[in-house]
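A.B. asks: Residue numbers (the UniProt record's numbering), protein chains in the order written: chain D, 1 to 310; chain X, 1 to 310; chain U, 1 to 310.
Calculated directly from the structure, the hints in this document are not laboratory data.
Even for Gly, the Cβ is constructed at its ideal location relative to N, Cα and C.
Certain hints may be false.
Counterexamples of contact, computed for chain D against chain X with all Cβ distances above 10 angstroms [as the list claims (entries may be wrong)]: (1) Q18; (2) W20; (3) R49; (4) Y65; (5) G77; (6) E80; (7) N85; (8) P124; (9) I143; (10) Q152; (11) I156; (12) G159; (13) A177; (14) G202; (15) L222; (16) L294.
DEER-style ranges, computed between Cβ atoms [what the hints assert, rightly or not]: (17) D:K2 <-> X:E195: 53 to 63 angstroms; (18) X:E223 <-> D:P124: 38 to 48 angstroms; (19) X:D26 <-> U:I307: 20 to 30 angstroms; (20) U:L181 <-> D:E223: 37 to 47 angstroms; (21) X:E195 <-> D:S178: 26 to 36 angstroms; (22) D:T99 <-> X:D26: 51 to 61 angstroms; (23) D:K2 <-> U:R227: 54 to 64 angstroms.
If we take Cβ atoms under 10 angstroms as the criterion, some of the chain X residues that face chain D in the derived model are [claimed, not checked]: (24) A180; (25) Y219; (26) D248; (27) D250; (28) F255; (29) L256; (30) P257; (31) K262; (32) L265; (33) L294; (34) Q295; (35) A296; (36) R302; (37) Y306; (38) I307.
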Amino acid sequence: MKITGTFLDEISHDIPHQNWGRDEWDKDFSYMKQIGIDTVILIRSGYRRFITYPSKFLMERHGCYHPPVDLVDMFLGLSEKYGMNFYFGLYDSGKYWDTGDLTEEIDSNRYVIDEVWNQYGHSPAFKGWYLCMEISRRTKGSIEAFRTLGEQCKSISNGLPTLISPWIDGKKAVLAASSALTREDAISLAEHEKEWSEILDGIKDAVDAVAFQDGHIDYHELEDFFRVNKAMADKYGLKCWTNAETFDRDMPIKFLPIKFEKLRLKLEAARKAGYDKAITFEFSHFMSPQSAYLQAGHLFNRYKEYIQSF
Amino acid sequence: MKITGTFLDEISHDIPHQNWGRDEWDKDFSYMKQIGIDTVILIRSGYRRFITYPSKFLMERHGCYHPPVDLVDMFLGLSEKYGMNFYFGLYDSGKYWDTGDLTEEIDSNRYVIDEVWNQYGHSPAFKGWYLCMEISRRTKGSIEAFRTLGEQCKSISNGLPTLISPWIDGKKAVLAASSALTREDAISLAEHEKEWSEILDGIKDAVDAVAFQDGHIDYHELEDFFRVNKAMADKYGLKCWTNAETFDRDMPIKFLPIKFEKLRLKLEAARKAGYDKAITFEFSHFMSPQSAYLQAGHLFNRYKEYIQSF
Amino acid sequence: MKITGTFLDEISHDIPHQNWGRDEWDKDFSYMKQIGIDTVILIRSGYRRFITYPSKFLMERHGCYHPPVDLVDMFLGLSEKYGMNFYFGLYDSGKYWDTGDLTEEIDSNRYVIDEVWNQYGHSPAFKGWYLCMEISRRTKGSIEAFRTLGEQCKSISNGLPTLISPWIDGKKAVLAASSALTREDAISLAEHEKEWSEILDGIKDAVDAVAFQDGHIDYHELEDFFRVNKAMADKYGLKCWTNAETFDRDMPIKFLPIKFEKLRLKLEAARKAGYDKAITFEFSHFMSPQSAYLQAGHLFNRYKEYIQSF
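Next up, chain D with everything else stripped away, as it sits in the complex:
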């Protein structure tokens, strides 16, 4: 199971910024290419007041700051140069995190989708959409949000594929700003299957692929959850990807690169479950030879040895 996609986390919730310029990004795309990555996914085009491209709409509606660099333009250019498929991640107003209400996400992204497709849709690297709302279980309104936005994305872009990457409500599903690493009331496999069947059934025509984050459950639970995820995705006609997290959720420093052995366990579980594709959150901080976290470069080397051994 090779990792063939990565998120680009330049508007981050919780991972400190590396302050790279265009040169470093160009080099990073070449490192990605080197290990077979063909897909890059902008994790979100904006979060609260910080945005990746100079969106007139978002600056007016949410008082967003004019960004120093047009990252969407830069990433599309690099995707063209390196032959990558670029997925555009929608805007995250922060309202959902504060209130649990997805209304603002739907309302704002209706405009963002139009604006972005007009400005950047001509790029041959623009190959898909990422519905960036990170939900779990039966979040109130999530089906409607995914369906509404997914349909709009597809209809404006001649059916380009749409992706979601939710989290499993497992024992490691704790807030990044909490000092805890685990919690008691994790979801059971049966509940997970019941609730996600309902969601996938509701969004199946608007969403093409689901990539569950793989870091919220314990390693020995991977096989069962992955089997269920694949069966559900098959039943409702979605592609089943894995979002193989390359940061370590088990350590008090939040967050540094994962131990290779753990990544291997997760990729092997996805392979056994017959998953369609593996992407990661994310290459540039946690797997790149030029990451500020030097453990990442060693992970890159260990991973290369691993895929060369196939």
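Let chain D serve as the given structure and place chains X and U on it in line with the hints.
C.D. replies: Relative to chain D, chains X and U alone:
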């Protein structure tokens, strides 16, 4: 708004030490010089039992450890070599943090000021004093402490300037050792103005410059708070500096270098408010090309591009 | 007081993994050698489901994962190459941390000791055992556990020495996953002496050396606690080592390399107390020139200057 000063944080509350020797410090001063820094401010000459110079007084009174290196001597030597203005930060006994009472800070620093001026006052680089008590709002006794110590510093040194760097009691004013990033009961602009007007009025003859830390409020609040700070400083005859923090308060890792876009927002706000000078906390961990945090070197590069674009 | 031993923390509770391969480990042993390290101690051979060698017993009994590399084999090989004494750390099932009950640790390690001695006991570098249960005070069952396992280790291996490394229940004894740095109810010197006398008396025939972790008390408390530890060890006929922690417990980032001045204070206190040997937790993250934490390389340099000044 160029950054022309930096703190030197060798006796740290919360930033891990880099274990540099004289060679690394010499190189760091040259990096500072390269981007136009002309002022270095020793953040404190001691904290509880750790001290920067072999102070007989502090070793006797507070049981401080004999330091392996005389950092005051070293930093003064490097300041002479690189043409920097050195500000000496007073001693922090820790008592104020434990009890809220500033009496010990006043009592100990009366002796420290004498001792230091006798030992190091001859250096042509010794150009000012930093009253290191980090207070906010109307801390009990803060006016008396700043006035007493400021007057003593100035009178012993033929009126060398004195600096304070308080924090705004904003939404990000949480303890470094807390896992939280924000809190609910932030100060209002009106309260801030009322309380700080009282303080500045009380210390105006003993303190020459106030450099509010810029990291405790949200980016969209900068303009209002900075305008009020400048108006207050003007009214009471103090120089208005900004302490542009170069570490990121929004992330669960406490603390790594800030995203350049955030630093730019803060510097732009200070420029618009007509601030007199920008200093930073601090160059060597968060902006230096040789920092252990590699993000810092990239911040250095982004910042250089920024000031070259003026 | 030179550091002549280090733990090898490849199955970690709380320190993120560096993802080194054999080349990096070979280089690290050469760095260790360079400063006089002659002893390496595998901190544990497994923790819950992660293990260092392909133990049939542990994979069956605890569902442990087959490790990608046989680290025991690799570390023994490197120990032979560099002339190091290798101590084997027992298995930590995690049950003790969850329940306070040491029964599972005793039961599992009876098998582990046999298995390991059969597989690796022939190596000339296999020079001792580390009883890895990290206890403090009068943990229920700790005397029995140390005695039972220590006796088994010694009897199977013709009396190879056994080591423990407990913590002092001091003011910094807080969980790594807690955001706090200190606590109120620290142990008194008298309680420490009383409770540890009882433990050392109970284990004296099964344990050869005790290396108290030196990071849980304040620096000015070191002298008193070290004096008591040495007197107790002498009384009951154990070697008294110090486990000089090279990470900093005083900072909100958990954990980065320690400030050299602090390490020096701890080593000086051990020297004054007449300790027999200093080991560290641990070289590869916190003192190595190739550590992902660049502060570690500078600590290596400062430490080298220090021991060259003797």
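A.B. asks: Hint by hint, where does the structure go against what was stated? Just the numbers, ascending.
C.D. replies: 1, 2, 3, 4, 13, 16 and 38
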